[in-house]
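2 protein chains.
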Amino acid sequence: MTITQLRKPHERLAEACADEMNAVNALIRTRMASEHAPRIPEVTAHLVEAGGKRVRPLLTVACAKLFGYSGEDHVKLAATVEFIHTATLLHDDVVDESEQRRGRPTANLLWDNQSSVLVGDYLFARSFQLMVETGSLRVLDILSGAAATIAEGEVLQLTAARNLATTEATYLQIVRGKTAALFEAAAKVGGVVAAASEDEVRALSEFGDALGVSFQIVDDWLDYGGAGDGIGKNLGDDFREGKLTLPVIRALARGDEAERAFWREALERGRSDDFDRARAIVERHGTLEEARQEALAWRDRAVAALSRLPAGDLRDMLSDLADYVVARAE
Amino acid sequence: MTITQLRKPHERLAEACADEMNAVNALIRTRMASEHAPRIPEVTAHLVEAGGKRVRPLLTVACAKLFGYSGEDHVKLAATVEFIHTATLLHDDVVDESEQRRGRPTANLLWDNQSSVLVGDYLFARSFQLMVETGSLRVLDILSGAAATIAEGEVLQLTAARNLATTEATYLQIVRGKTAALFEAAAKVGGVVAAASEDEVRALSEFGDALGVSFQIVDDWLDYGGAGDGIGKNLGDDFREGKLTLPVIRALARGDEAERAFWREALERGRSDDFDRARAIVERHGTLEEARQEALAWRDRAVAALSRLPAGDLRDMLSDLADYVVARAE
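Here the protein sequences line up with chains D and C, keeping their order. The first sequence begins at 1 in UniProt numbering and counts up one residue at a time. The second sequence begins at 1 in UniProt numbering and counts up one residue at a time.
Please keep in mind that the hints were generated in silico from the structure rather than gathered at the bench. Every residue gets a Cβ at the ideal spot worked out from N, C-alpha and C, and that includes glycine. Be aware that one or more of the hints could be misleading.
If we take Cβ atoms under 10 Å as the criterion, some of the chain D residues that face chain C in the derived model are [unchecked claim]:
#1 M131
#2 A146
#3 S319
Non-contacting residues of chain C with respect to chain D, defined by C-beta distances greater than 10 Å in every case (computed) [stated by the list, open to error]:
#4 H36
#5 F67
#6 V94
#7 D121
#8 E152
#9 E290
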């Protein structure tokens with residue numbers, strides 16, 4: 001096994017797309033500037049330079065390169081996707097009253113909620129300007145639709161929080177909105193600008209969607225099953241915020257009255273000091289492991305969709321990425 | 001003088017564009033729906049149905065009709081413009097911690113800040129979907145640029161608040177961002193979809209910009225010179241929020257040390273209980289009246305731009321609208 005193979009898949013993807021990703025990063029820096037309001041690049045840089053993995057823009061670039069694309073629109077669209085993502089992070093941290101993101105204090109803590117809301121709005125607007133520059137109405141349709149699905153998913157998550165009646169179907173809808181919609185659009189627009197066939201565009205769409213769903217289920221798994229790895233997310237955050245994720249929804253359905261009373265107190269009424277008990281319950285019912293299995297099934301779907309795309313190193317790395325995403329839960 | 005002439009200009013414009021405005025309102029209702037998140041139409045309806053004057057969508061419809069436009073894109077763009085406006089109101093009320101808007105409690109008060117942020121994001125996304133449907137890249141360029149200018153202006157306003165060094169140039173930049181950019185884009189896209197000539201599109205742009213600037217200067221004037229008319233804005237709101245508007249910026253430049261100390265205490269440190277003194281100062285220096293004169297000068301520019309557009313009833317009503325906007329300050 002060579003050193004290259006020991007690297008993480010997103011790192012190898014970034015290496016394979018190094019020229020494009022350098023161009024993406026340069027474009028992000030140029031476009032986050034503001035002639036009149038220095039607060040904008042300050043807040044944006046804090047988040048953009050905190051070292052996110054850039055998975056979404058990587059998807060766009062790699063999915064265009066899969067088809068030998070050699071223009072510049074994939075770079076613009078990758079920056080677009082990262083701007084949309086950054087804007088949603090800024091707004092999420094206000095909504096969740098978060099204090100840490102990517103291991104650093106959040107912008108709402110360092111500056112204020114106002115700056116996070118308005119700089120997020122600015123980045124949304126800039127993302128639309130960037131995508132308009134590609135001149136592709138199909139791309140505009142895909143990305144504006146994704147933006148609507150994201151916001152809808154966030155509102156749904158807000159109203160489903162602390163609601164024990166939340167179903168698995170609602171959970172999946174939230175997951176699609178908060179994560180899979182942008183993964184899907186990121187992959188899809190890469191193929192669209194590269195003039196992939198209709199079946200290939202559908203395959204990219206399925207790949208991105210399934211990758212995003214597995215990614216989010218694993219994220220939710222980590223809140224109960226992870227080790228609190230210091231990357232900015234703590235064990236039990238979702239629990240304390242009253243979010244009903246898959247292990248909880250299933251454990252609730254199988255629990256006895258005492259357990260239901262526990263969840264009601266903890267999630268509905270916010271008396272969430274006994275995270276250990278919550279963890280013990282999802283372990284005992286096996287629903288934490290079931291959630292991991294669900295993530296694996298979505299990983300399989302993502303990999304299956306890849307089989308309809310051009311073979312080669314890039315496709316292999318995308319497949320490894322799908323494995324890596326779920327390997328975080330073990 | 002007939003009853004028709006006694007009506008306010010925006011009411012007469014709405015009457016002249018009644019079919020289109022009915023279509024705009026129907027489209028707004030359809031598109032603010034959400035299959036999965038009922039919170040979205042609840043929050044939106046609260047604001048949309050509070051009876052705003054719909055000046056911005058009226059501008060779009062009227063400026064397309066000026067050129068005899070008979071398609072449907074002006075209706076879509078009018079709804080787009082109103083969605084952008086509604087989204088900014090939702091976010092503004094969070095940023096300003098407002099409790100009242102259009103004479104009703106704000107959405108952030110009735111629901112919560114989270115809902116206002118996320119529903120605003122949804123409306124932004126929906127507005128982009130709507131404008132994409134027109135298939136006009138020029139329109140997309142104009143409106144995405146306006147959205148960026150709006151957000152930039154809001155950030156600038158945030159960082160200029162409580163800062164006594166704010167210049168008139170910065171004030172004008174803020175006014176352009178928070179108000180004139182959307183007025184300008186609303187008028188301009190009406191002409192663009194109606195295939196107006198380049199000079200006519202420029203005239204629409206100048207008209208919208210000047211109308212927006214005069215509108216905002218008058219709004220700021222009303223905060224010191226108005227009568228507190230119970231339409232949701234109270235005298236002294238800007239003063240208490242530490243906003244440096246035109247009458248204050250000029251009064252500051254001419255005040256003695258005692259006055260400067262007063263403004264510093266009130267605006268920078270937020271000890272703003274003596275609004276009567278603030279009002280007396282801007283009266284005494286004549287800067288309140290100067291601001292009104294500035295608004296009149298911008299009104300004149302708006303009317304001058306109209307002279308390059310097709311003559312007729314609609315143009316006359318747009319001219320009356322420009323008069324009406326400044327007549328609020330008297």
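Each hint tested on the structure:
1. M131: Where the cut-off is 10 Å and the nearest Cβ of chain C is about 8 Å from D:M131, the hint holds.
2. A146: holds, 8 Å
3. S319: Violated, because the Cβ-Cβ distance from D:S319 to chain C comes to roughly 31 Å (cut-off 10 Å).
4. H36: Incorrect as stated: the minimum Cβ-Cβ distance to chain D is 5 Å, not above 10 Å.
5. F67: holds, 24 Å
6. V94: Label violated. Min Cβ-Cβ 6 Å, cutoff 10 Å.
7. D121: It is violated; C:D121 is separated from chain D by about 4 Å at its closest Cβ, not greater than 10 Å.
8. E152: violated, 5 Å
9. E290: holds, 24 Å
Checked against the numbered hints given earlier, this structure breaks hints 3, 4, 6, 7, 8; the rest are met.
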